[in-house]
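The residues making up each chain are set out below.
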Amino acid sequence: MNEDERRRGFAVAFIAQARSDWGVYRLLAERGDVAACHELHYLQMACEKLAKAYRLRDTKSPVDDLLSKHTGFAKFVGPFFAAVLKEEYRGKDAQLRGLITRARAFAREIEKLAPAIDPAAVPENAEYPWERDGRVIAPCLYPFPSLELLRQGGGRAFLNLVERAIDTYAL
Amino acid sequence: MARTKDEAARELAEWHFGVEPDLKQVIRIVVEDEDAPDEPIKLLEVNAATVATGSVEPYAFAASTSVPFPTVIAEVTPEEYERIRRNEISSRPAGR
Chain H
1 MNEDERRRGF AVAFIAQARS DWGVYRLLAE RGDVAACHEL HYLQMACEKL
51 AKAYRLRDTK SPVDDLLSKH TGFAKFVGPF FAAVLKEEYR GKDAQLRGLI
101 TRARAFAREI EKLAPAIDPA AVPENAEYPW ERDGRVIAPC LYPFPSLELL
151 RQGGGRAFLN LVERAIDTYA L
Chain S
1 MARTKDEAAR ELAEWHFGVE PDLKQVIRIV VEDEDAPDEP IKLLEVNAAT
51 VATGSVEPYA FAASTSVPFP TVIAEVTPEE YERIRRNEIS SRPAGR
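Line by line, the protein sequences are chains H and S.
Oh and the first sequence: position 119 is 119 in the numbering used here, straight run, nothing missing.
Oh and the second sequence: position 19 is 19 in the numbering used here, straight run, nothing missing.
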């Protein structure tokens, strides 16, 4: 397999896995009897792989570099808005400004759900127990208050855009 | 709708300044074979609202109704941009 075939192969695989993770997230989000950490874990994984799939379209960087380096979903959101939503939001600048601000905040919070991101400063994550102020806390018993807004209007708009980024991905 | 790549790049940057209040600077990267059909518009955006990661992460987008040319965009904080200028961040801006 040459470098371009590898790049395409990984890009297709990452977007497929992102789509599958997203599907599980949606299934879990519709249920009221599953701890929030599980749906958020799948949301975080879907977003990370989505960003990686778009990153893999960069034909100027070696594939192994792209695979091994951290890909920040929080750094994906702004470029996605810039490249994709210009026509759709023409004349609605104020509305889009609000959406971008909220989306950046959600993206940061979602990225923090990965346990390896910043365990010293932000130990709260969707997978492994952590210690805070002399207490050990399990993710399944934590309400993740910074992401409760995902269920409200601005959060739903953000999630629609994540789904759109997955659905409209093309090599 | 922009008809040329230069117009599209300018329109995109101007529009983005209008909707991103913390956007400080947009640098367009132009290469020798910029007119090649598959050569994307390449923008490095300096945005105080993005997160610092210590690296340049270009994301590539297909041509769309919004931007009728393939586009590569990377965001960095003002501090990261200063580090790029000082060659302390070795990544190639916007995929270069």
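Hint data in this document are derived by calculation from the structure and do not stem from the laboratory.
Wrong hints could be hidden among the right ones.
To be verified - Here are the simulated PhoX-like pairs of lysine-lysine, each with C-alpha atoms no more than 25 Å apart in a straight line:
# : chain 1 : residue 1 : chain 2 : residue 2
1 : S       : Lys5      : H       : Lys69
2 : S       : Lys24     : H       : Lys86
3 : H       : Lys86     : S       : Lys5
4 : S       : Lys24     : S       : Lys5
5 : S       : Lys5      : H       : Lys60
Hint check results:
no.	hint	verdict
1	Lys5(S) with Lys69(H)	31 Å, violated
2	Lys24(S) with Lys86(H)	19 Å, holds
3	Lys86(H) with Lys5(S)	16 Å, holds
4	Lys24(S) with Lys5(S)	22 Å, holds
5	Lys5(S) with Lys60(H)	20 Å, holds
Checked against the numbered hints above, the structure breaks only hint 1 and satisfies the rest.
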